[in-house]
Amino acid sequence: MATKEELLQKMSDYVFEMEDEEIADVCEEYIEAGYDPLDGILHGLVDGMNRASDMYDQEEYFVTDLLLCSDAMYAGLDVLRPHLPEDASMGDSKKAVIGVIEGDTHDIGKNLVKIMMETAGFEMYDLGRDVPIDSFIEKAKEVDADLIMMSTLMTTTMPGMRTVIEKLKEQGIRDNFKVMVGGSPISMKYAEDIGADGYSRNAVEAVEVAKKLVGIE
Amino acid sequence: MTYEELKREMEKYPETMTDGERMQKYAAGEEVDHIPFSIQSNEEAMANIFGYTTAQWRNDVKVHIDVIKRRKEEFNIGGLASGLRLRTMAQAVGSEIYFPEVGIDRVIKPVLEDYDQLKTLMKDNPKKNPVFLSVLQRGIDLKAAFPEMGIAMPVAGPFTNASCIRPVEKILRDTVRHPEELHDLLKWCVDYTVAYAEMFADEFGGGGCTICDPVSCSDILGKRNYKKFSEPHLIELIEGLTQALGRKPGIHICGKTSPLWDEMSQLKVANFSVDNMEDLAAARDIMGPHFGLMGNVAPVDVMLNGTIDDVIETCKTCIIKGSEAENGYTLGTGCQVPIGTPRENFDAFIFATRKYGRGARKGCLPLGIAEEALTDVIETKE
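Protein chains in written order, with the numbering used here: chain P, 1 to 217; chain G, 218 to 599.
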């Protein structure tokens, strides 16, 4: 019978190698052997995703690879999650609201950021795409979010990001949230101009910026 | 510099050649009045300047004609286009596209969820497709209104077309899960696009063509998948277009492309338009020996949100970096110029072309740049 470490390694490898079918069997085997599901998530699945993101940093993996790795990770999570005790928490997770700004439906970048943020342990509230300005604010207030993350691919919808920040100011709650922006036409300069707290060029970098903003090292 | 000052300064640098004359002489290695320039896909931004919505420009041929007319009168920019934009082929074969009143169209629902449907889609005859026929008709109407202007056709690259026909996340997964079907789809995109080029050539007798292929950038595909999926079909497309139109097309790929430059240098294209996120000087050194280069003034930070001085300064930097490209250089924006770009920034771009690009010759720094450098030296000595 495989040891816990062997199974964790296999789970990590299957995520890293994008094996989204075999991974469920290993996760079943891990659970049947009575090992801790939370360890399985953190030291198996998430470990594999972290290895993938290191490869992305080194330009050995690309968007396609991250997507396929995340398919495998989620396939594993489907098996492990139901076995977590009801009061189990992933630690003191920071919360982030994420979405593509109103008028835009390009969401592959946003989806990747969400995946990488979840992998890093953030509790993500995904509003989807074509998200009305006010929904970002309402959801952030409702869940007491730490971060608001907005993305767009279109120049015509960029100003919506500024509007969200202005509305936060008007309501006197700007300092309650850190605001991050991203997407092809967005630059660090634009982020600074509209008063956002953070900007990143890609999904892996987004996690680093988010961690810094909310004080996780 | 204020807009009034810019207007006054501009008068010092009049154009002395027509577009056709300039292009011909520059290509032949002769000195021209100023460096060739291209402000990419500017009709939507121009429509906005002239008080029209994008929908009016798109739907009403009279508005389209007025935009071309005023662009010529007020900015001296000519040229017509009638081709397949990023989502036109997808629209033609049944993807649902949303066309906003102001703004660029986008895919709402790609038509190909399941590869079983591909064979049915492939039965469509592009030469009888109503969307293709209406795009061609727009070109015919424009040419009738401006017979003196040349007409060119943009097309989308195979991977970009495929990403508007099938959901992009599925396409990316297909690279591992369904590679054969993906190749079939990409090949069909090539054939369908070349069919339009043949329709265009039958009507207008050939012409220039630019392939836009934003999804082929290394940010999304990566080198491995570019080589495996994009490159072979891009090569087929370039061959097909060259044959149909009688000349090599140009190509623009948005985003990061530098990891692919060694491969892209082998493409048999007339020119390569470099995105603003890349270094033009590096592109000149690696790709310059293979074809002409164009680029790469930032469309958002500079053209849309920059000042007149920002535009002039950026254009000057681009001319310095790009003008010595062995096979020629066209000062251009790094991607489509956004709707909302102010009139004065178009003028600033054109002014920089005339002032710093003055006395351009293929492969050399223009006299405008050289003279300014000399003046700086003299002033420093004094």
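For the record, the hints were derived by calculation from the structure and aren't laboratory data. Be aware that a few hints might be false.
[To be verified] Straight-line alpha carbon distances no greater than 20 angstroms define the calculated EDC-like cross-link-like pairs of lysine to aspartate or glutamate that follow:
id: 1; chain 1: P; residue 1: K189; chain 2: G; residue 2: E530
id: 2; chain 1: G; residue 1: K445; chain 2: P; residue 2: E59
id: 3; chain 1: G; residue 1: K473; chain 2: G; residue 2: E420
id: 4; chain 1: G; residue 1: K387; chain 2: P; residue 2: E17
id: 5; chain 1: G; residue 1: K326; chain 2: P; residue 2: D130
id: 6; chain 1: P; residue 1: K189; chain 2: G; residue 2: D496
id: 7; chain 1: G; residue 1: K440; chain 2: P; residue 2: D54
id: 8; chain 1: G; residue 1: K360; chain 2: G; residue 2: E313
[Said to hold, decoys possible] Label pairs and their in silico Cβ distance ranges:
id: 9; chain 1: P; residue 1: K169; chain 2: G; residue 2: E313; range: 36 to 44 angstroms
id: 10; chain 1: G; residue 1: E228; chain 2: P; residue 2: Q171; range: 45 to 53 angstroms
id: 11; chain 1: P; residue 1: K189; chain 2: G; residue 2: M218; range: 16 to 24 angstroms
id: 12; chain 1: P; residue 1: K189; chain 2: G; residue 2: K440; range: 25 to 33 angstroms
All C-beta atoms in this analysis are idealised placements derived from N, C-alpha and C, irrespective of residue type, glycine included.
Going through the hints against the structure:
The straight-line distance between the Cα atoms of K189/P and E530/G is roughly 17 angstroms, inside the 20 angstroms bound, and the hint therefore holds. As the CA atoms of K445/G and E59/P are separated by approximately 17 angstroms, the hinted pair is consistent with the 20 angstroms bound. For the proposed pair K473/G and E420/G, the alpha carbon gap of about 36 angstroms is over 20 angstroms, so the pair is violated. Among the hinted pairs, K387/G with E17/P is consistent with the structure: their alpha-carbon atoms are about 18 angstroms apart, no more than 20 angstroms.
For the given pair, K326/G sits about 14 angstroms from D130/P by alpha-carbon distance, which is consistent with the 20 angstroms threshold. A hinted pair counts as satisfied when its Cα atoms are at most 20 angstroms apart, and K189/P with D496/G qualifies at roughly 18 angstroms. For the given pair, K440/G sits about 17 angstroms from D54/P by alpha-carbon distance, which is consistent with the 20 angstroms threshold. Distance check on the hinted pair: K360/G and E313/G sit about 29 angstroms apart at the alpha-carbon level, beyond 20 angstroms; violated.
Taken as a hint, the range 36 to 44 angstroms holds for the pair K169/P and E313/G, whose Cβ atoms sit roughly 38 angstroms apart. A C-beta distance of roughly 51 angstroms is found between E228/G and Q171/P, which places it inside the suggested range of 45 to 53 angstroms. A hinted range of 16 to 24 angstroms holds for the C-beta pair K189/P and M218/G, which are about 21 angstroms apart. For the pair K189/P and K440/G, the supplied restraint of 25 to 33 angstroms holds, since their beta-carbon distance comes to about 29 angstroms.
Checked against the numbered hints above, the structure violates hints 3, 8; every other hint is satisfied.
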